[in-house]
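*Asks:* Sequence:
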Amino acid sequence: MADSTSTVFQDRRLVLCVGPGGVGKTTCAAALGLHAAARGRKVVVVTIDPARRLAQALGLEDSTPGEVVSVVREPDVHLDALILDGAKVFESIVRDNASTPQTAEKILSSRMYQATAQRLSGALEFAAMARVQMLVDAGQHDLIVLDTPPTANAIDFLDAPKRVRELIDNPGARLLAGTGRLGARILGLGSSVLSKTLETIGGGQFIGDLGAFLREFADVLEEFHRRGGNFEQLLRSRATGVLLVTSASTFSVREAEAFLTQLADYGLRVDAVVLNRIDKTVPEPPPREQLEASLGPEHRDQLDRIWTAYAGARALGERTRRSIEAISSSRANLQVWTASRQADPPDTLPELRELGAEIFG
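According to UniProt numbering, the sequence shown is numbered sequentially starting from 1.
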């Protein structure tokens, strides 16, 4: 019988692992990548900030951020990984898409570029999407698993490319860049008068430098999109699927249902949900009277403590059962996987293999 992973993700070239922080999303992304690689696909896992021992297991601890690292090379098993480096992604975009090497160096040495690349709202998310686009264009992997940054709003991440473009395309930026001719005419100013006035207000050459940067950086982004295509089109295409990772708590399940609605409204294909760190359902105990009779009255205090602890375990297991039912019934054809709670999170390749087999196998 074909395993569930190959069935669910067989048409996907990109899988976004989304969900809140602290639920084991990065670990599940790594387990998915290793599981798919063991079934013959060439996989790369792109992660943001893995825990130290997980980074060590993936061979990333001493690697250069932003570079693809070979994790497993066995017969018919090809798994790579990389830690995202937003600054390097932006630099590669500039160098590859600037009109000339001189223009690239001018942009990269600009103080405006340094501020933009480091502090721009959505810069890390944009860099993640851009790095994925580069991997897609390179064509060296059958499957790209992107461990997205933890976010309270899935669409904040998905809309990051649009927010970066809006910075360049807004009328004020275009006016400063010298492309807002209409705005200058409305003000009744020639471009030279406008430039001199703004420079006086802004102090020295700052406004002029800002306009030049915006104009040159806009050209780089436009060329990047022209070559690589549109992020939103990639996300909404059949090549992309979503794996939502969360826990089985009541709050997390409600949050997951909101995530699912957001993602579906955005046009993404949500393939599966992983309820991680779940509590197993335990069987109903025998009648208390029977236990008391077998243990004797002298052990009643111990039995009270055991009975209370067992009742708590049953309640947690029942909560998990209700969570699975709630998620399963929220969307048609939604695959729901589970992973048991463990004392320590998996952070070696053998443990990741075991987790992948438990969830996806």
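If you're looking for bench data, these hints aren't it; they were derived computationally from the structure. Keep in mind the model is a prediction, meaning the values are calculated, not measured. All C-beta atoms in this analysis are idealised placements derived from N, C-alpha and C, irrespective of residue type, glycine included. Some clues are possibly wrong.
[What the hints assert, rightly or not] Calculated lysine to any residue pairs in the SDA-like style (CA-CA distance at most 20 Å, straight line):
| hint | residue 1 | residue 2 |
| --- | --- | --- |
| 1 | LYS88 | ARG111 |
| 2 | LYS280 | GLU325 |
| 3 | LYS280 | LEU316 |
| 4 | LYS162 | THR100 |
[Claimed, not checked] Label pairs and their computed distance ranges (CB to CB):
| hint | residue 1 | residue 2 | range |
| --- | --- | --- | --- |
| 5 | PRO345 | GLN302 | 31 to 37 Å |
| 6 | ARG95 | GLN140 | 16 to 22 Å |
| 7 | VAL77 | ASN333 | 27 to 33 Å |
| 8 | ASP96 | LEU334 | 35 to 41 Å |
| 9 | ARG322 | GLU358 | 19 to 25 Å |
| 10 | VAL77 | ARG238 | 21 to 27 Å |
| 11 | ASP96 | THR64 | 16 to 22 Å |
| 12 | ARG95 | GLU354 | 39 to 45 Å |
| 13 | ASP62 | THR308 | 36 to 42 Å |
| 14 | SER330 | PRO286 | 34 to 40 Å |
*Asks:* If a hint holds in the structure, say so; if it doesn't, say that too.
*Replies:* Quick rundown of the hints versus the structure:
1. LYS88 <-> ARG111: Since the Cα atoms of LYS88 and ARG111 sit roughly 16 Å apart, the hinted pair holds (cutoff 20 Å).
2. LYS280 <-> GLU325: The hint holds at about 15 Å.
3. LYS280 <-> LEU316: holds, 8 Å
4. LYS162 <-> THR100: violated, 26 Å
5. PRO345 <-> GLN302: 31 to 37 Å: holds, 33 Å
6. ARG95 <-> GLN140: 16 to 22 Å: holds, 20 Å
7. VAL77 <-> ASN333: 27 to 33 Å: At roughly 30 Å between Cβ atoms, ASN333 and VAL77 fall inside 27 to 33 Å, so the hint holds.
8. ASP96 <-> LEU334: 35 to 41 Å: holds, 39 Å
9. ARG322 <-> GLU358: 19 to 25 Å: Holds, since ARG322 and GLU358 (Cβ atoms, about 21 Å apart) stay within the stated range.
10. VAL77 <-> ARG238: 21 to 27 Å: The hint (21 to 27 Å, Cβ to Cβ) holds, given that VAL77 and ARG238 are roughly 26 Å apart.
11. ASP96 <-> THR64: 16 to 22 Å: Given range 16 to 22 Å: holds, Cβ gap about 18 Å.
12. ARG95 <-> GLU354: 39 to 45 Å: Between ARG95 and GLU354, where Cβ atoms are some 42 Å apart, the hint holds.
13. ASP62 <-> THR308: 36 to 42 Å: Given a distance of about 48 Å, which is not inside 36 to 42 Å, the answer is violated.
14. SER330 <-> PRO286: 34 to 40 Å: Taking Cβ atoms as reference, SER330 and PRO286 lie about 36 Å apart, which means the hint holds.
Comparing the model with each numbered hint stated earlier shows that hints 4 and 13 do not hold.
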